[in-house]
Amino acid sequence: VSDEAKATRFEPPITPEAEPFWEASRDQRFVLPWCTDCGKAFWYPRPVCPVCLRPNVEWRPGSGRGEVHAVSVMYRPGNPMMADRVPYAVALVELEEGVRIMSNVVGIEADQVKVGMPVGITWEPMSDGRHLPLFEPEA
Amino acid sequence: VRGKAAVVGVADAASPTGDLDLRGRALEAAMIREALDDAGLEPSDVDALFAAGDAMGLAEFLGMQPRYLDSTMTGGSSFEFHVEHAAAAIAHGQCDVAVSVYASTPHSDRKRGNGGGFGGGRRMPPMEASGFLWEMPFGLRMPIGGYALAASRHMAVHGTTPEQLAEIAVSTREWATRNPRARFQDPITVDDVLASDMVSSPLHKLDCCLQTDGAGAFVMTSAERARDLRKPPVYVLGTGSALSHMSVSSMPDLTTTATTRSGPAAFEMAGIKHDDVDMLMLYDSFTITTLLLIEDLGFCEKGEGGAFVEGNRLGPGGALPTNTTGGGLSYTHPGMYGMFLVVEATRQVRGEAGDRQVPDCNVAVASGSGGVLSAMSTCVLGSEAVL
Chain D
1 VSDEAKATRF EPPITPEAEP FWEASRDQRF VLPWCTDCGK AFWYPRPVCP
51 VCLRPNVEWR PGSGRGEVHA VSVMYRPGNP MMADRVPYAV ALVELEEGVR
101 IMSNVVGIEA DQVKVGMPVG ITWEPMSDGR HLPLFEPEA
Chain X
1 VRGKAAVVGV ADAASPTGDL DLRGRALEAA MIREALDDAG LEPSDVDALF
51 AAGDAMGLAE FLGMQPRYLD STMTGGSSFE FHVEHAAAAI AHGQCDVAVS
101 VYASTPHSDR KRGNGGGFGG GRRMPPMEAS GFLWEMPFGL RMPIGGYALA
151 ASRHMAVHGT TPEQLAEIAV STREWATRNP RARFQDPITV DDVLASDMVS
201 SPLHKLDCCL QTDGAGAFVM TSAERARDLR KPPVYVLGTG SALSHMSVSS
251 MPDLTTTATT RSGPAAFEMA GIKHDDVDML MLYDSFTITT LLLIEDLGFC
301 EKGEGGAFVE GNRLGPGGAL PTNTTGGGLS YTHPGMYGMF LVVEATRQVR
351 GEAGDRQVPD CNVAVASGSG GVLSAMSTCV LGSEAVL
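Each protein sequence line maps, in turn, to chains D and X.
Taking this note's numbering, the leading residue of the first sequence gets 1, the next gets one more, and so forth.
Taking this note's numbering, the leading residue of the second sequence gets 1, the next gets one more, and so forth.
Here chain X stands alone, though its shape is the one from the complex (with noise of 0.2 Å):
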């Protein structure tokens, strides 16, 4: 599969205001517009729909009669795991041109009286048995509180800090005020994170992503047509997904993911050691994940994700530029934030990131997190020079 398929078309929606005007389909549409127009091509081309939940609705909404359909749905990674089946699909002749599409509009809707339901169209537990019905009594706060626990295990085991929790909210922030899109632009130090209103310990507000409206598209297509079409291709170079788990108290191990399985497998079939990597789009639903996946990816031992961010390391001018568009925590998160990953790690491995590009950017890693540190999947990114 490495590098036979390519992200040839990137769209994203987010302001500065947290609000979109459009919502809901028409947002869908409007992204899908102008992710085709970024690749040169027309819904007509278009042959797999893929939505996290509800493709065989989003398909008829568009006129669209694809032969390929995926609802994969796992939360915020549902789109790097689109990444990865579409992927596979356009490898195996499936499909030809592949379209994967979120828009969520929970900040406005709120305004609205529309209740705001965080995600877009997210589901109610299952009330049969489940680990959620063994939760819900003991009040848990979701889902920041399934964060908080893991964080609690990581700080006991590893001695991780606070503060060292707080580094990535600033690294992340500094990369906001190079993003005019972004919710929150101004810098923010380690103090102001931890004088943020405690949520729920460990985890301060200014630990936690935002909730705004945000909305996103990818196109992809063989190697061979991405070729003739109007940006450079970033092929996808590697992809792997693992599941450990649905509700947080089944959690094998609170200080690891199942990222460990998902980004060795992804950088297997990228063929790439940790050092060929130029970027990381990390999901960063709260500071704690952020480290969680540094780690898991292996960039540094378990245990010792704290050390390793201190320093700015992920920010601007750090060694490992990490979330640059100010992630989830500062740029926007609409629920299901690995949308976003996907567009701004090729917008990065084609050098079209203005104020924030990581220079020579050749191979992007982009890592999603779904559920509660649950469905982890991880993509590979790169340019021709890497094919």
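Chain D with its partners taken away, still in its complex shape (with noise of 0.2 Å):
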């Protein structure tokens, strides 16, 4: 780890609902929120279901794994940190879990990116220790 890391993207605050989040992610351990009373994942983090608003809120290992939902390339950087990525793939992933989220689809040219292609999570280093989730095709 660098003493200089600086940041080459957007770097979300840690907020206390996603606290677990980001601590398994320094581990490269994948974790969702999931309702002990609906016994359903959700996304994105929130301290209480989006379902039944009920506080029960317990993080379990998620599975990494899921299909692209929707893709799209951007050709024009969604904000400049992004500028020397272009073009880079942004897709709503469907994990395993029912959730959706959104990412990059890396390790593969942007524009072959597809809808329905199975991928897998990876992780990409953050400036303080974190790391971001990111997916690649499954091999």
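Each hint should be verified, as a subset may be incorrect.
Said to hold, decoys possible - Derived, one-sided and incomplete: chain X residues facing chain D with beta-carbon distance under 8 Å:
1. Y68
2. L133
3. P137
4. L140
5. M142
6. G145
7. S152
8. A156
9. M198
10. S200
11. S201
12. A242
13. M246
14. S249
15. L254
In case anyone wonders, no lab produced these hints; they're calculated from the structure.
C-beta atoms are modelled at their ideal positions from N, C-alpha and C, and glycine is treated no differently.
Join the two chains into one complex using the hints; note that each chain is given alone, in its own frame.
Listed below in structure tokens is the structure:
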């Protein structure tokens, strides 16, 4: 880990409801919030379940596997920090747990990412020891 | 509520250069003055003020002391929500004369070095527990990226093609050739659209709305009072609104908007069927927006929108005249375009749309989209003949 690690893209602040997610990401472990009352995973992290509104949220290991639900290749960057990455693929990935998460699909030419493609998680280091969940085509 | 309230005054401002001379509150005041003149009313008649975000500050600036105030802000669809709220308030006797106004000058603000905030005070996403926080790291270009994801899914599931989306841009531009105030008035072809820069696949530059200065206002009052005013009343026959999400990653079905709820509610209140509709004003932030609204209003089956828009069906002389100003794609789009849907639908029902007039137009539908296909609102406007 470099002392002068600099953020190379927007890095979200660690909000209280997402602390378990970011802590696990330091070890490249992918976890998802579940409502123990509804028995379902949800995304994005919230302090309460978005179905029953109860605060009984438990973080469980996620499969990290899913498929591309929709994809768009950015030929112009979404913000200046992403300028040197174009073209890159932004996808909504439908995880096996039934939740949809936005991410980038990497490890393949951006315009070759297709809807329905099976993908698995990979991690990009962030400036503060956290990791950002990205996806790549499953072998 | 059906037919209890009417749109009695409208105004809008846009120019082929994309620039307007006035800005801010002065532009809002000019639009209100013009819409009141159109109706034959005075500021002292106004007892209800509507603005997307800050009706209170606006009221003070205008020297108004209204008894009904509404700052509903749902992005581009705010003004369809305003029609719905004003119609209900008028029907229930909570106010008598309602004004809604919008002004935004991103095009000239940029030249002035004022930053050019798109939309008129558009807010940053809140940084607390929010879907946007879980989108921002991945560089989705906004707003186009959200619509591009919807288009991607629609193409994958329903086989919709880039050529079919381009047809919407072409038909809309055909209308703009008849609008001397439109930003772009030269015809384009499907090939032109497909040859324009890809911005966020599958959407090209010409699939995208403009970014221009623009402003507008409308005045509503009760049906009784409307009959004594300057112009023929344009009655609010039906309204409906619905929300499905805010950030696109929380959109329940990327191929279907909440217009599947707002549209039928508005049609049912109005007591109309699809065959009764003479023209459509549909939010066209992007070509895919128009396509989704046509499907979700029920003018064709889900997934068949691509085939439906082929052959200039939406353009001049087509079976379903749509976006007769040239739309957000070719007329004007200052960020929250819904105001212009209400203004043009009103002019069409009055029969005062000039070269772009739809013959015998008695029923016009304005359907707005706010956020990222999030906050949807539909208004059915009609003439005395269909009341």
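Structure-based check of each hint:
{"no.": "1", "hint": "Y68", "verdict": "32 Å, violated"}
{"no.": "2", "hint": "L133", "verdict": "5 Å, holds"}
{"no.": "3", "hint": "P137", "verdict": "5 Å, holds"}
{"no.": "4", "hint": "L140", "verdict": "5 Å, holds"}
{"no.": "5", "hint": "M142", "verdict": "7 Å, holds"}
{"no.": "6", "hint": "G145", "verdict": "6 Å, holds"}
{"no.": "7", "hint": "S152", "verdict": "4 Å, holds"}
{"no.": "8", "hint": "A156", "verdict": "4 Å, holds"}
{"no.": "9", "hint": "M198", "verdict": "5 Å, holds"}
{"no.": "10", "hint": "S200", "verdict": "5 Å, holds"}
{"no.": "11", "hint": "S201", "verdict": "4 Å, holds"}
{"no.": "12", "hint": "A242", "verdict": "18 Å, violated"}
{"no.": "13", "hint": "M246", "verdict": "11 Å, violated"}
{"no.": "14", "hint": "S249", "verdict": "4 Å, holds"}
{"no.": "15", "hint": "L254", "verdict": "5 Å, holds"}
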